[in-house]
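Enquirer: Given next are the chains, with one letter for each unit.
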Amino acid sequence: MDSLSVPPPVRRIVVDREPTVVDPPAGGNGYAPPPGSLAPVIRRPEPSAGPKVERMRTHEVSVFYGGLEAVKQVTIPVRMGEVLALIGPSGCGKTTLLRTLNRLVELTPTASRGGVISLDGGDVDALEVTDLRRRVSMVFQQPNPFPMSVFDNVAYALRQQGAKRPGKDELMPYVQDALQRAGLWSEVVDKLDHPALRLSGGQQQRLCIARSLAARPEVLLLDEPCSALDPRSTQIIEDLILTLREEVAVVIVTHNMQQALRIADYVGFMFLGELVEYGPAEQVFGHPREQRTREYVSGAFG
Amino acid sequence: MAGLPAAAGTPRAGAAKLGTWSDHRVERVLGAVACIVLLLVAGMVVFVFVRAWPSFADNGLAWFGSGGNVDQQLIDIFNSPADPDSYVLTLRAWPLLYGTFLTTAGAVFFGLTFALFSAIFIVEFAPERLRKVLEPVVRLLAAVPSVVYGLIGILVIVPWVNGLISQERKESVAYVVQLTGTNISVAVLILTIMITPIMIAIIVDALRAVPRSWTEGAAALGVNRWRVMWTISVRTARPAIVAALVLATARALGEAIMLSMVSGSAGFAPNPIDGITFFFEPTRPLAATIVDNAEGLSVVPLGQTLYAFAAVLLVSSMFLSLGGFLAKQPMRKYGIRP
Amino acid sequence: MTTASATAPRDSPSKWPLIDRLGLGMAWAAGIMLCLIAGAIVVYMLVKGLQELNVDLLTSHPQPSLDQSKTGGFLDPMIGTLILTVMGTLIAVPLGVATAIWLAEYGRPAGLARAVESGVEMVAGTPSIVLAIFGLLIFQESLFAAFSFTAEGGAVYGRSFLAASAMMSLIALPLVVGATREALQSIPSHIREASYALGKTKAATIRRVLVPAIRPGIATGATLGMGRIAGDTAIVVILLGATLQLQGIDALEPFGTLRGTGSTLTSYVYVNSPAGEGNAPEKAYAAAFVLLAIVIALNFTVDWLARRGKEGSAWTR
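Which chain is which? The protein sequence lines are A, S and R, in order. Taking my numbering as reference, the numbering of the first sequence is continuous, increasing by one, and the terminal residue is 302. Taking my numbering as reference, the numbering of the second sequence is continuous, increasing by one, and the terminal residue is 1338. Taking my numbering as reference, the numbering of the third sequence is continuous, increasing by one, and the terminal residue is 2317.
Calculated pairs, DSSO-like style, for lysine-lysine (alpha carbon to alpha carbon, straight line, at most 30 angstroms): (1) K1333(S) / K164(A); (2) K2015(R) / K168(A); (3) K168(A) / K1328(S); (4) K1328(S) / K191(A); (5) K164(A) / K2015(R); (6) K168(A) / K191(A); (7) K72(A) / K52(A); (8) K191(A) / K1333(S); (9) K1132(S) / K2310(R); (10) K191(A) / K164(A); (11) K1333(S) / K168(A); (12) K164(A) / K1328(S).
Pair by pair, the computed Cβ-Cβ distance ranges are: (13) E1128(S) / P231(A): 37 to 47 angstroms; (14) R2308(R) / K1333(S): 37 to 47 angstroms; (15) F1101(S) / R2308(R): 43 to 53 angstroms; (16) R2021(R) / E1168(S): 40 to 50 angstroms; (17) P1211(S) / R159(A): 17 to 27 angstroms; (18) S2186(R) / A1105(S): 35 to 45 angstroms; (19) E1128(S) / G162(A): 27 to 37 angstroms; (20) P1211(S) / D230(A): 19 to 29 angstroms; (21) P1127(S) / Q291(A): 45 to 55 angstroms; (22) I2191(R) / F1101(S): 43 to 53 angstroms; (23) D2303(R) / A1174(S): 50 to 60 angstroms; (24) D230(A) / R2021(R): 38 to 48 angstroms; (25) G2025(R) / E1171(S): 35 to 45 angstroms; (26) R2215(R) / D230(A): 43 to 53 angstroms.
For the record, the hints were derived by calculation from the structure and aren't laboratory data. Since we're looking at a predicted model, the values are computed, not measured. Backbone N, C-alpha and C fix where the C-beta goes; we use that ideal spot for every residue, glycine too.
With the rest of the complex left out, here is chain A (with noise of 0.2 angstroms):
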């Protein structure tokens, strides 16, 4: 173990005398967890049971923003039944990475895209955009509902589909649907008409998700979902992933390593652009291969 994660030796003080070493009292004192093992206050997960398919995989994948080179080469798998989360400093590339593979990137001038991603073994660029964007749906950092009522905005994608609008009561079950599964719908089922702006922060990610989950993606993509609101709501919808993780495959992207403890499955950790660690949760922050993982996870640097 390296010299982080074992305490300092314990002396016993005497006034007019010499300090002495003595052993650490057994089982720990209550305070600092004993050496080697993890934070013990955090849960985690349970392994999602079910086959866990691969559906988006990216092959070296660089963004460059102009003439920098935002990512670089990164190859990295998206699973359904799994929650992978991208961690790492500010400025590392992980919100780029996100917004690559939903092609986001595309509506900044500056950007272009090297490498390949995959979606169920199609070429993503061989897609429409749109149609693309409907299978991998994004939550973005602010809860950004549209200025209209909350049914409005879940089925806002579901209208803009097609060329002939469909009529409220068709597309209720679909609304229904999708805020069940974004948990939100018992606290809304009487104001379906309510302007969307007036739901509080917490609610209003949770809308947010039920109108990407709406058009029944197959990946999700969150970009910092939690970082904007209580810790209450933050929980709430760390319990949504969980339980969203059967479904989609989901892909988060967090700041807070802690978070990442509580709901990725796999980890993938960045630095610089670069995919510096890929593995199961335990294993990167229990003990992560890489140096560089070693000092970010145990907070030298962030």
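Use these hints to put chains S and R onto chain A, whose structure you have.
Expert: Using the frame of chain A, we list chains S and R on its own:
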């Protein structure tokens, strides 16, 4: 102990220093100036209505109706005897009102459609280099004085349109009205061109002000560019569109000089039943009528009639502002801030 | 491995539903029509104006002759435009700034403030022709005989530069009020609070802190107002007496000129077009070109002021 400084925000009563006015006094003075402005405006409304009253009183509600040749009526009013008891005030203003309505409604309808789609083009679909040229040009066009538009209209468009009207058509209606290049179509055309640039500028600003989180969020849901623009940006810009509409309508209603140059100098109500000829019939909206008859203002009954026109214009612009305000209210509910 | 490649095909409209393609088509159609019309106007005025313009026109007085196309220039109308613009703005700016400050900083009682706001909006929406005949209404009263001249027989003429400037100031007023209010609202409250915390009265704060900070905003409003005044024709036609040359009256200068009549570039264009009496379209084009140049120059000034204002007021952020 020397006087302690007054607490923040409280006026120093009776500041004795030379050149320093107390808060109270400054507030009074500034308030008085503001009240002068208010009194001026109120005075304007009152005076115009007072002067206009005899014209309305003499005709009653028939003032707004039709009957007879309004131009002839104006001449009769101008020629009425000097004796106040026998002033001629008979007027049936319907042709003028109808002409005003047609030109304003036509220009605003075409202008708003044109402006909205142009604004969408400029914000979303125009190539970068084109956009850099187009935007300043639009803002410049919004500043061009109306007399210049009138000049181009009367020297270029009118002769061209005149050539379009066949001789038979002119003869067929010569007993009622002269068909020349100055007619309602040219009026609507140039009025549209005149009011569109400012609408484009306002709508472009509003479309750009839509928060990126909304447009990005919509794009991330797999909605195509046109749909994002139409269902999110244009929807959020609705209060600005209403504001642009009100502004443009006010300008169209009040446009006197350009319209007096190109709309034809006949107080005639163009009749859609006439078919194609309808587009070539002359008319003269209210504001243009005031300008054309302004020399006769010193003749009292004519002055009263012209003030009556002004009163109608004033009331219309008041209703317009009110309408615009009311139209924006429901949009506040969903978080679209005007 | 692979170098940066161009991004894959974007959202291609060929796959969109029909109604979306229709919308896209209309946007493109509107854009192209806009280019054509704007281009036509710009090019035409440029060509015609430069064709007809020469130095003589700018420096010689208009001659009252039957054949306008042969004689005289438009020096007097240019002076007329200058006088009206300057005087109109001189009246509008103090009135407008005072009103805006009162509305933004005081505004009590609330009902009065709302009334004043509505009043200013009302003026903004009033057609200039209505303002013009209202002006005539006022200035023809014998009370205001000092503003123009009185003909024999006691009738007050009512038309003069003073009368026209007074009404022109009403046109510029809402613009000045609007720009000043915006500038005041963009100053964050901590600036005012800092001044109060130092013991300054509200009046002193306004005078020493706020007014210097909003100078760019006031300048913007004043320039916008100048642009509108320079371009207005209705008030000129009705309130300025429509004499080609500046006809001052027998009195102390400058009051002699100001109480007299004249014309401006706008009325000159109007009168020389087929709608007026003159049949000198060439002169009308030349005058219109000069007028456009003035208005465009004023617009550039507004943009420049706005940019400078942003840098100058950076300390308030």
